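Novice: Turn these sequences into a full structure, and let the hints guide you.
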Amino acid sequence: MKLLSPRQLPLTIGLFLASLFVLFPIVSATEFSLREPAKNTHGFDNYIWFFTAEDFGKYLGISLGLSVFSAAILLVILVPTVIWLNLGGGRYRGLVEFVSLLPLVIPVVALAIGAQTALPGFAQTNESILGFMFAVLAMPYAYRTLDTGLRAIPLRTIVEAARGLGASWLRTILSVVIPVVRSTVASALFMTLALSLGEFTLTSLLHWDTFTTWVTTMSQSNILGAIALSMFSLIGVFVLLLLISVFIRPTKSNVVAEEN
Amino acid sequence: MTSTTLSLRGVSRRFKDTLALDALDLDVEQGELVALLGPSGCGKTTALRIVAGLDNPDAGQVLVGGKSVTHLAPNKRNMGMVFQSYSLFPNLTAAENVAFGLTMRNETKNFRLSRAQELLEMVGLPKHAKRFPHQLSGGQQQRVALARALAFEPDVLLLDEPLSALDAQVRANLRDEIRALQIKTGTTTIFVTHDQEEAMAMSDRVAVMNAGKIAQIARPDELYHNPASEFVAGFVGQMNRIPAAIDGDRARVLDSSVTFRPSWTQQPEDLVALVRPEALRLELAAADSDAGNATVVARAFLGPMSKVSMVLRDGTEVAAVIASADSTEIVSGSSVRVTVKDDQYLVVAA
Chain A
1 MKLLSPRQLP LTIGLFLASL FVLFPIVSAT EFSLREPAKN THGFDNYIWF FTAEDFGKYL
61 GISLGLSVFS AAILLVILVP TVIWLNLGGG RYRGLVEFVS LLPLVIPVVA LAIGAQTALP
121 GFAQTNESIL GFMFAVLAMP YAYRTLDTGL RAIPLRTIVE AARGLGASWL RTILSVVIPV
181 VRSTVASALF MTLALSLGEF TLTSLLHWDT FTTWVTTMSQ SNILGAIALS MFSLIGVFVL
241 LLLISVFIRP TKSNVVAEEN
Chain B
1 MTSTTLSLRG VSRRFKDTLA LDALDLDVEQ GELVALLGPS GCGKTTALRI VAGLDNPDAG
61 QVLVGGKSVT HLAPNKRNMG MVFQSYSLFP NLTAAENVAF GLTMRNETKN FRLSRAQELL
121 EMVGLPKHAK RFPHQLSGGQ QQRVALARAL AFEPDVLLLD EPLSALDAQV RANLRDEIRA
181 LQIKTGTTTI FVTHDQEEAM AMSDRVAVMN AGKIAQIARP DELYHNPASE FVAGFVGQMN
241 RIPAAIDGDR ARVLDSSVTF RPSWTQQPED LVALVRPEAL RLELAAADSD AGNATVVARA
301 FLGPMSKVSM VLRDGTEVAA VIASADSTEI VSGSSVRVTV KDDQYLVVAA
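Protein sequences appear in the order of chains A and B. Per my numbering, the very first residue in the first sequence carries number 1; after that it's consecutive. Per my numbering, the very first residue in the second sequence carries number 1; after that it's consecutive.
It should be emphasised that the hints constitute simulated quantities derived from the structure, not laboratory data. Please read all numbers here as calculations on a predicted model, not as lab measurements. Careful: at least some of the hints might be erroneous.
A few chain A residues facing chain B, derived, Cβ under 7 Å [to be verified]:
1) 154
2) 158
3) 160
4) 163
5) 165
6) 166
7) 168
8) 176
9) 179
Using C-beta positions, here's what the derived DEER-type ranges look like [said to hold, decoys possible]:
10) B:19 <-> A:118: 47 to 55 Å
11) A:156 <-> B:30: 28 to 36 Å
12) A:97 <-> B:317: 43 to 51 Å
13) A:99 <-> B:23: 37 to 45 Å
Glycine included, each C-beta is placed from N, C-alpha and C at the ideal position.
Specialist: Laid out in structure tokens, this is it:
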């Protein structure tokens with residue numbers, strides 16, 4: 001495609017403006033975060049500032065731990081559910097879809113209050129409550145990612161074929177189902193991780209401290225450092241997305257190639 | 001090669017309100033290919049799934065070589081199956097797919113590889129071993145699926161409409177290849193289809209199913225020329241339905257007095273004769289004479305034969321298949337005289 005041909009010119013201009021719109025703030029913010037006003041130069045002082053801040057590792061660790069925890073909860077709940085929906089429980093799909101949509105409909109404030117009053121005491125005494133809540137918040141996205149991915153695969157026929165070829169249930173799951181659904185599960189997993197890492201509202205409402213709330217607090221004392229932190233988070237998410245694309249090879253579709 | 005007889009004895013299966021299989025009995029001889037043919041919902045796929053162990057009968061038994069496999073899990077039955085939809089494992093290459101059944105039987109790697117290659121050659125895809133399913137066409141995928149089902153020398157081969165997702169040309173080729181391969185391996189085979197042409201062309205015997213029962217099971221010729229019921233007569237091949245009357249031991253159909261066989265009628269009036277298109281004879285009638293009893297709607301040239309569609313005076317639509325050489329002057333709008341050759345037709349009550 002020739003980007004400068006008359007037909008493509010409007011598209012090219014549009015793309016150029018759009019990329020300016022995205023890139024300009026990022027470049028500016030990066031420049032800003034590298035400023036060192038005291039020395040009137042550019043450097044990594046602001047980055048060093050938050051890296052060496054007392055609680056940086058602690059809160060990053062908490063956030064990472066919570067995202068892994070919530071992703072694990074979702075996988076344990078959703079993967080078997082969605083596989084079951086695609087193998088024979090199809091008539092319950094409407095119900096499951098409805099339930100999975102609830103977190104999008106219910107305001108986070110209501111969720112927070114509900115969690116505070118409904119969850120058992122032991123879950124309220126440490127941050128793990130957030131792991132459960134993050135799982136709830138990420139469910140609509142994770143469910144849809146999984147279901148769309150699995151629907152593209154004739155899972156039921158594949159399972160029946162494996163059984164007919166002599167595979168026990170255990171071997172069917174280990175050597176057929178898991179390899180086939182792996183890439184789909186991986187994308188649902190990263191979706192949940194990214195969402196949990198960036199969650200702020202609920203955490204703040206429930207008065208817990210994670211990386212996001214820590215960033216907010218820190219930014220009040222050092223504006224340059226706060227921008228540096230934001231850039232760090234941005235790059236973190238970018239790396240996550242990169243990981244997704246590395247882990248997930250192009251989905252093996254059943255699109256019929258041309259007859260030859 | 002191992003081949004075994006397969007029997008279904010009084011197999012019934014009910015889904016909620018519908019009886020999918022009604023005490024079905026079926027015997028497939030060693031090395032035989034039997035087609036289960038019927039309209040959708042007649043129970044043919046249910047029967048196949050029960051044989052495969054993918055569904056359980058409410059009553060009755062499935063026997064392989066005289067031994068009951070009714071309660072065996074599908075992976076213990078040693079049956080190869082090819083599905084209607086593409087069922088290859090998307091994460092495995094063609095060769096790995098073919099070798100899957102051997103892997104499950106703990107065969108050595110060398111044996112698996114050579115056997116997979118051998119089977120891929122058999123289905124005409126020797127150079128596609130390393131391709132993944134998404135790199136293969138629909139016809140190629142079904143060939144690999146067939147190779148996969150045959151690789152471990154199954155006792156019974158089950159084909160569940162394996163050709164219905166393919167286009168016509170590929171379909172016809174693969175149909176002949178499957179049959180050739182089945183004869184070569186001598187594998188006892190059940191073939192489910194709703195395409196009567198496919199069933200007739202490929203099978204040793206065809207079982208026409210209706211409402212969970214076998215309406216008739218016979219060789220294709222027998223089925224075509226001597227159907228056991230009106231349903232079979234109407235379902236297998238084309239059939240004209242022409243008003244008729246009984247006159248002693250003869251029947252009057254289209255001004256012809258002819259013998260009829262076999263008869264399912266008890267009453268002598270309001271009868272319909274079932275007549276094959278090739279049992280009709282056509283003569284051009286002069287436009288101004290009374291000799292004609294039908295008007296031609298269209299003539300379709302099919303090579304050696306042509307199909308002529310007509311409307312009788314009473315509005316009945318009939319079709320005749322006659323030699324193309326004899327029908328060159330018949331065009332749309334021609335007035336023709338249709339008569340019945342004195343064989344190959346049946347009389348039923350309206």
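Novice: With reference to the structure, classify each hint as holding or not holding.
Specialist: The hints, checked one at a time:
| no. | hint | in the structure |
| --- | --- | --- |
| 1 | 154 | 5 Å, holds |
| 2 | 158 | 6 Å, holds |
| 3 | 160 | 5 Å, holds |
| 4 | 163 | 4 Å, holds |
| 5 | 165 | 4 Å, holds |
| 6 | 166 | 4 Å, holds |
| 7 | 168 | 6 Å, holds |
| 8 | 176 | 6 Å, holds |
| 9 | 179 | 4 Å, holds |
| 10 | B:19 <-> A:118: 47 to 55 Å | 48 Å, holds |
| 11 | A:156 <-> B:30: 28 to 36 Å | 32 Å, holds |
| 12 | A:97 <-> B:317: 43 to 51 Å | 49 Å, holds |
| 13 | A:99 <-> B:23: 37 to 45 Å | 43 Å, holds |
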